[in-house]
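Engineer: Sequence:
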Amino acid sequence: MEIYYFLIISGILGAGLIFNRNRWVSYSLLVLYSLALMAYGANMIIGTQSNSEYFNFDTLGKIATLTLCLISIVAFFHGYRYVEKHNPTETPHSKGLFFGAMVILVTAIAVIYVSNHLAVSWIFVELSTLSASVLIYHHRNIRALEGVWKYVFVGAISVTFIYIGILFLSTAGKQAQITDLSYTNLMQHARELNPFWLKLSFLFFVLGFSIKMSFIPMYTASIDAKDKAPAPAGAIFASLLMNAGFISVYRYYAILNQTPLKFWAQSLLLISALISLFVAAVYMTRVKNIKRMLAYSGIEHMSLMVIGITMGKTGAFAALLHMVLHSLIKPALFFQYNQIYWVYQSKSIYDIGNYIKYNKAGAIALLLGFVSLTAIPPSGLFVSEIILFQSLFSNHMLAVLIVVVTLLTIILWGLSNNVMKMLFTPPLQINESAIPAISPWESATQYFLPILAIYLAYFQPGWFIDMISKAIIL
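Those letters in the sequence shown? Residues 179 to 652, per this note's numbering, in order.
There is no bait here: all hints are sound.
Here are the simulated BS3-like pairs of lysine-lysine, each with C-alpha atoms no more than 30 Å apart in a straight line: (1) K535 <-> K599; (2) K491 <-> K377; (3) K263 <-> K466; (4) K525 <-> K599; (5) K352 <-> K377; (6) K538 <-> K263.
Pairwise CB distance ranges, derived in the manner of DEER restraints: (7) K491 <-> T349: 29 to 37 Å; (8) F255 <-> T587: 33 to 41 Å; (9) R318 <-> L210: 21 to 29 Å; (10) H574 <-> F255: 45 to 53 Å; (11) P270 <-> K491: 50 to 58 Å; (12) T463 <-> P614: 31 to 39 Å; (13) I449 <-> R199: 45 to 53 Å.
Just so you know, these hints were derived from the structure itself, not from any lab.
Predicted, not measured: the structure shown is a model, and the values here were computed from it.
For every residue, glycine included, the Cβ atom is placed at its ideal position computed from N, Cα and C.
Whole structure, please, built from the sequences with the hints as guidance.
Structural biologist: Listed below in structure tokens is the structure:
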């Protein structure tokens, strides 16, 4: 399916979901969108999509889209379970609005992945902000209102920064008469761009995308968004939306990598990543809210990915592998959160304990997710982090390596304290007679996704490693 057809179909189905009041019609529209998404992804993987000034269906876009198709469909399923089982009092309109916003958000992210033009990226970043805001406000309480207000306010500033970055970039190319702001054209004429304006442009671009990446300085709104939104939406925020920000910055960094500003851009990203990793380490030792804990973990992994792309081709390979594996693992933990909340009616770690007693299948899935997220063998992330450490060592960044390992150790300590308490320590108070029965099948996807990450990392199928290698654009 061509991307233009996909956009038209997505718009029609998204609007249908938003305005529809019939439960079964809503679910039928969601199934149709899932089929359209799979057709679009299959068409891209086969290679029948044609590149243009606005869209570039390169290997980077393909591997990100393949991940998006899988995670989105699983998120739709858990979204259905959420509105039907965990929140059965919702009106048909509320359900339709929830799924309509998810459809628009996934579509916007899919376009950002393959965008070949800065203006296209800017437009769909704004669309992702608006659709994400609807999901954040889904519960319609005072905390959701606070979260959506912060996200819209900071998101508006971020979009403005991106726009300023685009203006500075057009100024950078004015002397060389470069008017085509597509990534492919800018890569070809990178050395002709004015260095001063290119520096300013990249700085504002990184600032603007920091909210999507969960990166300093605008990570706070992103943390609140993941906390306030329903868990299936939070899973998309914590994986696919973060990838959209990362890929956009990665494509822009590749342009500067062709210029004398390479060292400056590398230093900017490396320092920002280390500060972000420090922020994650500080909060991970203090946070006692499950969803915020998972959100701060996202800062950690985004920092590692950004460090990776500054370390050359080997580091970029580690970063892209990490991106895919993290996108499989993190949603599994957000999906498991729904079951935890169903048992304890709380997201405070103080209220949660002995989860292994009340939901064995879910507890084992939580333990598997914890091991996977912290890169403890046999976690797939162990492989990507080892490759990243090798790239740091080979680039003579021993001091950076020591700092990174130290901060990761602190994060591991903070995360393990919380997870072990949730699994094995008795809760402060709980009415065991009120605990609902949970089918082990509810946790099936939370086993499948981390195990898939282990398979991809350790067995390394040829097609997968080939795609990762071809996605390196430095």
